[in-house]
Amino acid sequence: MRYLPLTDADRQAMLATIGTSSIDDLFVDVPEVARLAGPIADLPGHASELAVERHMTRLAKKNLAAGEVPFFLGCGAYRHHIPASVDHIIQRGEFLTSYTPYQPEIAQGTLQALFEFQTQVARLYGCDVANASMYDGSTACWEAIVMARRVTRRGKAILSAGLHPHYVSLCRTMARFTGDALDIALPDLTPGAPGDDLARLLDVVDGGTSCVVVQNPNILGHVADLSELAARCHQHGALLIAVVTEPVSLGAICSPGEMGADIVVGEGQSLGVGLQFGGPYVGLFACAEKYVRQMPGRLAGVTSDGDGRRGFVLTLSTREQHIRREKATSNICTNSGLCALAFSVHLTLLGETGLRRLAALNHHGAVAAADRLARLPGVELLNRSFFNEFTLNLPREAQPVVRALADKDILGGIPLGRLYPGVDRLANGLVVAVTETTRVEDVEALADALEAELAA
Amino acid sequence: MSMNSEGRVTRPETHETSGVSETFTGNRALMLEEALIFERSDYARTGVDLPDVPAAGTRFGGLDRTRPIGLPGLPEPEAVRHYTRLSRQNYAIDLGIFPLGSCTMKHNPRLNEKMARLPGFADIHPLAPVGTVQGALAVIDELAEWLLALTGMHGVAMSPKAGAHGELCGLLAIRAAHDATGSDRSVILVPESAHGTNPATAAFCGYAVENIPATAAGRVDVAALMARLGPDVAGVMITNPNTCGLFEREMKTISDAVHAAGAYVYCDGANFNAIVGRVRPGDLGIDAMHINLHKTFSTPHGGGGPGSGPVVLSRALSPFGPLPFVAKQADGSFRLIEEETAGDEHPGSFGRMSAFHGQMGMFTRALAYILSHGADGLRQVSADAVLNANYVLRSLDGVLDAPFGSSGPCMHEALFSDEGLAQGFTTLDIAKGLIDEGFHPMTMYFPLVVHGAMLIEPTETEGKATLDQFIGALRSVAMRAKNGDPALKAAPVLAPRRRLDETAAARKPVLVWKEARLDEAAE
Numbered sequence: 040m041r042y043l044p045l046t047d048a049d050r051q052a053m054l055a056t057i058g059t060s061s062i063d064d065l066f067v068d069v070p071e072v073a074r075l076a077g078p079i080a081d082l083p084g085h086a087s088e089l090a091v092e093r094h095m096t097r098l099a100k101k102n103l104a105a106g107e108v109p110f111f112l113g114c115g116a117y118r119h120h121i122p123a124s125v126d127h128i129i130q131r132g133e134f135l136t137s138y139t140p141y142q143p144e145i146a147q148g149t150l151q152a153l154f155e156f157q158t159q160v161a162r163l164y165g166c167d168v169a170n171a172s173m174y175d176g177s178t179a180c181w182e183a184i185v186m187a188r189r190v191t192r193r194g195k196a197i198l199s200a201g202l203h204p205h206y207v208s209l210c211r212t213m214a215r216f217t218g219d220a221l222d223i224a225l226p227d228l229t230p231g232a233p234g235d236d237l238a239r240l241l242d243v244v245d246g247g248t249s250c251v252v253v254q255n256p257n258i259l260g261h262v263a264d265l266s267e268l269a270a271r272c273h274q275h276g277a278l279l280i281a282v283v284t285e286p287v288s289l290g291a292i293c294s295p296g297e298m299g300a301d302i303v304v305g306e307g308q309s310l311g312v313g314l315q316f317g318g319p320y321v322g323l324f325a326c327a328e329k330y331v332r333q334m335p336g337r338l339a340g341v342t343s344d345g346d347g348r349r350g351f352v353l354t355l356s357t358r359e360q361h362i363r364r365e366k367a368t369s370n371i372c373t374n375s376g377l378c379a380l381a382f383s384v385h386l387t388l389l390g391e392t393g394l395r396r397l398a399a400l401n402h403h404g405a406v407a408a409a410d411r412l413a414r415l416p417g418v419e420l421l422n423r424s425f426f427n428e429f430t431l432n433l434p435r436e437a438q439p440v441v442r443a444l445a446d447k448d449i450l451g452g453i454p455l456g457r458l459y460p461g462v463d464r465l466a467n468g469l470v471v472a473v474t475e476t477t478r479v480e481d482v483e484a485l486a487d488a489l490e491a492e493l494a495a
Numbered sequence: 025m026s027m028n029s030e031g032r033v034t035r036p037e038t039h040e041t042s043g044v045s046e047t048f049t050g051n052r053a054l055m056l057e058e059a060l061i062f063e064r065s066d067y068a069r070t071g072v073d074l075p076d077v078p079a080a081g082t083r084f085g086g087l088d089r090t091r092p093i094g095l096p097g098l099p100e101p102e103a104v105r106h107y108t109r110l111s112r113q114n115y116a117i118d119l120g121i122f123p124l125g126s127c128t129m130k131h132n133p134r135l136n137e138k139m140a141r142l143p144g145f146a147d148i149h150p151l152a153p154v155g156t157v158q159g160a161l162a163v164i165d166e167l168a169e170w171l172l173a174l175t176g177m178h179g180v181a182m183s184p185k186a187g188a189h190g191e192l193c194g195l196l197a198i199r200a201a202h203d204a205t206g207s208d209r210s211v212i213l214v215p216e217s218a219h220g221t222n223p224a225t226a227a228f229c230g231y232a233v234e235n236i237p238a239t240a241a242g243r244v245d246v247a248a249l250m251a252r253l254g255p256d257v258a259g260v261m262i263t264n265p266n267t268c269g270l271f272e273r274e275m276k277t278i279s280d281a282v283h284a285a286g287a288y289v290y291c292d293g294a295n296f297n298a299i300v301g302r303v304r305p306g307d308l309g310i311d312a313m314h315i316n317l318h319k320t321f322s323t324p325h326g327g328g329g330p331g332s333g334p335v336v337l338s339r340a341l342s343p344f345g346p347l348p349f350v351a352k353q354a355d356g357s358f359r360l361i362e363e364e365t366a367g368d369e370h371p372g373s374f375g376r377m378s379a380f381h382g383q384m385g386m387f388t389r390a391l392a393y394i395l396s397h398g399a400d401g402l403r404q405v406s407a408d409a410v411l412n413a414n415y416v417l418r419s420l421d422g423v424l425d426a427p428f429g430s431s432g433p434c435m436h437e438a439l440f441s442d443e444g445l446a447q448g449f450t451t452l453d454i455a456k457g458l459i460d461e462g463f464h465p466m467t468m469y470f471p472l473v474v475h476g477a478m479l480i481e482p483t484e485t486e487g488k489a490t491l492d493q494f495i496g497a498l499r500s501v502a503m504r505a506k507n508g509d510p511a512l513k514a515a516p517v518l519a520p521r522r523r524l525d526e527t528a529a530a531r532k533p534v535l536v537w538k539e540a541r542l543d544e545a546a547e
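Protein chains in written order, with the numbering used here: chain A, 40 to 495; chain B, 25 to 547.
Looking at chain B on its own, in the form it has when it is part of the complex (with noise of 0.2 Å):
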């Protein structure tokens, strides 16, 4: 059995194959096998209908592509049939419960989508004249504005592109913060609960990182924080509500005692979710904190990006935040701020940190959604996910171990360890047999502090029978595992794919398709 670092397997151990029957094209009705684009065409066929233009007279400085590319190509209804078999291959919150902790899976409505490719809004340049997208930068400070009344912070810089990019425009804030009075501390203190990106992206600015330990209760060791506060320290990252569910309910304190050292309190708003509408950041002393529109504000995940992070910025903060951004004119016009003005008008500014102006497509999407739902719906929506989260917590009393349960509610996600699953079995096994059951697993072996974590965030936007549907299945299959049922290790048997061989995908990496190396790698 091979493991990576978080102790997860990431290689089938050996069972009884599947015995379904096999076919002549290896399909099984409505699931269809699909093979690459480089292996169904070649290189002469098109989908699409250009003219030939005369290779005459190019003005290439005598570097005309001569060589093969080797990009095959499908007509439209051979290309719209491969993607369309290869999406059937993927669940998606379209489909049911998206469970995954940490990652608020909500559904996605489409009125966003509609309103994302309106051309006013699609077919825009990001280096048009200005005075041809004030509706654009309108977009933008309305935006603006309704992050920071939820947040009740000072300033905020739109220009991220994910929740991580968002943790760096924080962090560059808190070291141009710091370089401003000439201080050089090297430090961030990062709650071994946290994302990985929280240290990654401390590293990935220059800062040395220092892990502070959690409580028994799965809140942040105050005490030792508190201990570590000094001279070197630039800043803490805390994540509230916390990746273990909880509130981290001495958050003012902790707060306060950073502020006292000289240092800045960055959260990660990855789970603002529980409290968007119910409590502001800025009341509880924050200096910076990302907002992953794709988490809270709905836009859609796309397997994989495009995020959006835009980050509040407190008082102290603000004047540091990036170019360019939105401002508002006495006349109601709005302008941009660059480079150009920059010295003038935002001298502090630790500069730009990506090509235009964010993630403008997202922008528009988040709006829609927050204007559709309102103050009072917004309030509406960490109420509801919070009692989902709770729900299924509760309903699974007896069946699986909460390590935190005994702490009190949670907020919009359930943690439990694989505390009293049969020998031999892990939280692997019950979120593949959760697959048979037709729904996408909760976060496994996520946060680290607890062993063998499962973390499930329903969100506010299932209903109460798909709650019980899930919650039955999730008991069913738990039951499994701590009976010790064997044929759960062969779980998913009902998938597109069985369990994959992560190990193998690693020690011999094949990234691109090259024919005879993909038939070593099946072998």
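The following block holds chain A by itself, in its conformation from the complex (with noise of 0.2 Å):
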């Protein structure tokens, strides 16, 4: 077998040194009734690395590449174009096949790239510190609001409705069990703010409250200007945290931490990460400085060593599982390390000026996309600000209409019955993101598909 370097020699050397005869006298302490006695029944027996690419091939191809068709699918997973440097450099082995950097002196390669990835991302949300990655976006959104309870002391969390329904999801599993009391509500098709419930979060934001979860750009594209939260939060003890699902969109617009939130967390797949159904993922985690003890997660810091020589350790981890056990600020132990990683080249190569040249970009592109789908009869184009995804009320369900456009190759968006099921008053609803991968023939072949499949 290729991936087993013993031979029958050497296990024979090998149990003469142990003293035994033979592999089975090595489980004696597993009983006899729970020993197999040969391989499990009815299960395939090894395979070549041709024959095991022949089969994963075959699956490969029963799927719909996005790159293969027009492709307008976002709400929180954005196909962008990435670097063909990047997937080299990841998969070098001593990053690939390294392990956390618990042996720093044979580990500062990790530790380095960790330490840069917490600044580009403290930097790009507008915060003092940002940890070493979480597994996606949606994980720290909770993490996030754990920590506002053990800052605030309290135990209230109020959830935009703008918040993607998935983490929304996340959320009321987590606090069923952990006794959280959430204040959750469904978006609405409003014309021109979609999603848009400022006003409901100010107004309930209260005394009790230990945060509110705000996501910027929102579910269905809307950018709106937390300020005002942030300070009514305040007034009230309460944390603000800011969620973003599309990090290209902070080289065009303002970053949650300048408009005054405490906590910012969101998913990182968009730089470095492909889409991938869904994971791999890396969620990036943030806050002010102050708070930096009531952090989850692995931080990597900047110390010395014993030639006085600039070096990278694990830093904080009185905080961490492995040494607090129940007492730790979360169950969390690996990270997302290599996607961390692919994260922060990408950016380093974007640089500032390739970020925004990026973000800008998308932008233009989705103007264009949204005011040509506007003309098509029926459809209303809902958002007055977004950034590269926006939403279009249609006039009839949006569901059918998507898998009748995927019928043609099209994959023309997200039809919200898929994300909000069962709530009649979203199910015209579509969102459509365009990046700098969606050509302006991608967008004419969706138009023309979805005024046909609308006429029908």
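Read the hints as simulated data drawn from the structure, not as lab findings. Please note that the accuracy of each hint is not assured.
[Claimed, not checked] Partner residues aside, some chain A positions facing chain B, computed with beta carbon under 7 Å:
1) G106
2) L112
3) E133
4) F134
5) P319
6) A399
[Stated by the list, open to error] If we take Cβ atoms under 10 Å as the criterion, some of the chain B residues that face chain A in the derived model are:
7) S65
8) R89
9) F122
10) T221
11) A281
12) G331
13) F380
14) R521
15) K532
16) V534
Just so you know, even glycine gets a beta-carbon here, dropped at the ideal spot from N, CA and C.
Hey, can you piece these two chains together into the complex? The hints should help.
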């Protein structure tokens, strides 16, 4: 077997050193009844590289890859072009096949990269500090709510109607067991500002609130100024948690930190990490410096070595599960290190100049597409302000329309019926995302197909 | 000397400097120093070609970003060189044995990387119409079937994103199961040798945690556990094989007693590599167990993730598993069960625990690995993993103290203590000495039940010659520690850095780059 270097002669020699005659003797502690006599029945045996490759390729071909068709899906996962050198770097064995940097003297590469990542994330989000990543945006969002509970010693979180419904769903799951109270609302297809519930949030935040959680741009693409909400939260001693599912947007619009958010979390997938059917992604987590000891997750920090040279280590580990056990700030152990590296490499290649251009390009394309689609009979563009994603109100239910478009090999957006099943007043909504990978002819193809489908 | 709560030294002791002659650059031949991107570049440079777009006519509601962000850019040649230089300061499996106990650092086949990058897997959106992602759902289903067959369990939740996230999944299922019967049991029992994630997870989902002691032979104290079972105990978390590298012989007895007391058994599956293809946890009465695909099934650790932690569930817990999941239809096609249909088809679900479907990129890698080995190969995996660990254990007889060495063979990892080292010499010194020998050290100071623990997990992908060299190096370093060789206290002297001051890092944390503050920290 190609991954097993021991020969039978090696095995015999090693058994002799151990002082036993068979492998089975080594499993003597396993009760006889629980030991399987041979390979599990009805499962295939080993396969060559060629055979595995054929099998996997056959399955891959049953999927419609985004790059092959006009593609307009977003809502928390975005298709951007990733420079070839990003994948080359993360496939270097020294990054790919290393572990959490517990031995810093021989893990400076990972540690320095994480320190650079933390700095990039903190600056992008407009916060003082960031951690070394979380699993994804949704889990980072819940961790932020738990952190706000620790900081404020209050148990009520108010979630904006514009927060990604799957993030809300995760929070409901957790809150059911932790006893946190959640104030949740569904979005409205308000013309001009879909999903915007700032007025409600300003109204309900009070002295019992631990945090208000707002996504910007929100699930329907709307961009809002969070400054007033931040001030109101602070008046009541509550924290403002901002969620960003599209980090490229921060190349063009104000960061949540600049608008006063105390904790900013989000999904980093857009930079360096492909769509991959939803994972692995990379959760970003940043906050004000005064809360750093309440943060979850790994942190890389600066120190010096025995010769006085600068070096990096994992630090503040007394917050973490391997030291604090049940008193830890989180149970997280593994984070998303390699995806964080990909994010950081992509952002280093872009630099400030590149990120700003990329963001402008996304917005420019989205504006053109929005105006084009808004001209279709019966189709209404709901957003007055947006980044690279906007919501259309169709004259009929969007989910069957999207399926019909998919049959014509056009992935035309995400119908709100998929995200909010059973909510009739949202059923006609269609969220359309446009990035630098979207061509003018793709938009034309979508416009033509949508027009034809709606006329049918 | 500063210590953390594990009793591990966190500040280097004073010692002679390394005496390596200084160079103009600070470089030493192939060992290259590398500045931070913030020191190397400015905010005007970029490594991508993108057109300028007119800034006029934006629709940001007046929120246009005007202030600088502070993100340096590097042209491609410099970016590639920056990260390549950084990479060379890392140890990795590709360079040699990485014997971290409990971490299962085995070879990562490159076929898996290639398969995960097929556009049909890498370039599909999680919310794409289900009809356009049938191949992805087939991969999830095929991997799920393998995991069920290998564990003898009833159901599997694929969405957990890492081992600790899998633990969370299992405990949420246990809580949901108790809730369904109106039970408000509030306590989870955890052996004191458990991974820190176990008690942290139990607390994270609202349980009180109580520790169960270990016996002198390194196993769960079954009598103490049974005595504690009662109407307030919701479940027990057990690692099997355990963190001392031993199989819990009484596992089935424990499970039966836990079930009789109305509670559930969670198994930490971090050590599944020891028994894959030979023992099915379902036969031992387990109700839930996470499987670290990044351990047993060889998806890369990536310097700290991403992981993937599917959870296999018993018949009793399966109805409570998370959304979404894949269901196979009679015609061979696949459906996703999400919130839309869950009410009819999976009403007991505790809900969603991550935004999408889990770590698809890890599923393709793990499936490619499993298909490569097949049922026969996986059985050989556990055989060779256990053989290698026992070979290390016995080859160090008389050199290092193995506190449970007389309990019989170990499983996939060998555990030693710091007993017998010279006064003032510690496990940390042995670890740092191994670095100079060109090896990544073993897991240190874990499990907590052994003083100065050294936990060595070679895995099955190391050959005998590699093991012999590692054993020789460890023997040499251990003898230096036993003989009190003062030079060992200065190790490592040959690595990119000497011992680093963790105490200073934690006292005045510098977590992001700011020029002035870095200078202070380096003082």
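**Prompt:** Is the interface hint for V534(B) satisfied, with its Cβ closer than 10 Å to some Cβ of chain A?
**Reply:** Holds. Min distance 4 Å.
**Request:** Would you settle whether the hint for P319(A) is holds or violated, based on the nearest Cβ-Cβ distance to chain B being less than 7 Å?
**Result:** With Cβ-Cβ at 3 Å, under 7 Å, it holds.
**Request:** Closer than 10 Å between Cβ atoms is the bar; does R89(B) clear it against chain A? Give me holds or violated.
**Result:** Cβ of R89(B) sits 5 Å from chain A, so the hint holds.
**Request:** May I ask you to test the interface hint for G106(A) with respect to chain B, counting a Cβ-Cβ separation under 7 Å as satisfied?
**Result:** holds, 5 Å
**Message:** Interface hint check: F122(B), Cβ to nearest Cβ on chain A, cutoff 10 Å. Holds or violated?
**Reply:** holds, 7 Å
**Message:** The hint names T221(B) as touching chain A; please verify it with the least Cβ-Cβ distance against 10 Å.
**Reply:** Where the cut-off is 10 Å and the nearest Cβ of chain A is about 5 Å from T221(B), the hint holds.
**Prompt:** At a threshold of 10 Å, is the proposed contact between F380(B) and chain A supported by beta-carbon distances?
**Reply:** Because about 3 Å separates F380(B) from the closest Cβ in chain A, which is inside the 10 Å limit, the hint holds.
**Request:** Verify the interface restraint on F134(A): the C-beta must sit less than 7 Å from at least one C-beta of chain B.
**Result:** Status holds, d = 5 Å.
**Message:** Restraint: A281(B) near chain A, CB-CB cut 10 Å. Satisfied or not?
**Reply:** violated, 15 Å
**Item:** When the least beta-carbon distance from K532(B) to chain A is tested against 10 Å, hint result
**Value:** For K532(B), the interface hint holds, since the closest Cβ of chain A sits about 9 Å away, which is under 10 Å.
**Asked** If you take the shortest Cβ to Cβ gap from G331(B) to chain A, is it below 10 Å?
**Response** holds, 4 Å
**Request:** With a cut-off of 10 Å on the beta carbons, see whether S65(B) makes it to chain A.
**Result:** The hint holds - S65(B) has a Cβ within 10 Å of chain A, the shortest such distance being about 7 Å.
Checked against the numbered hints above, the structure violates only hint 11.
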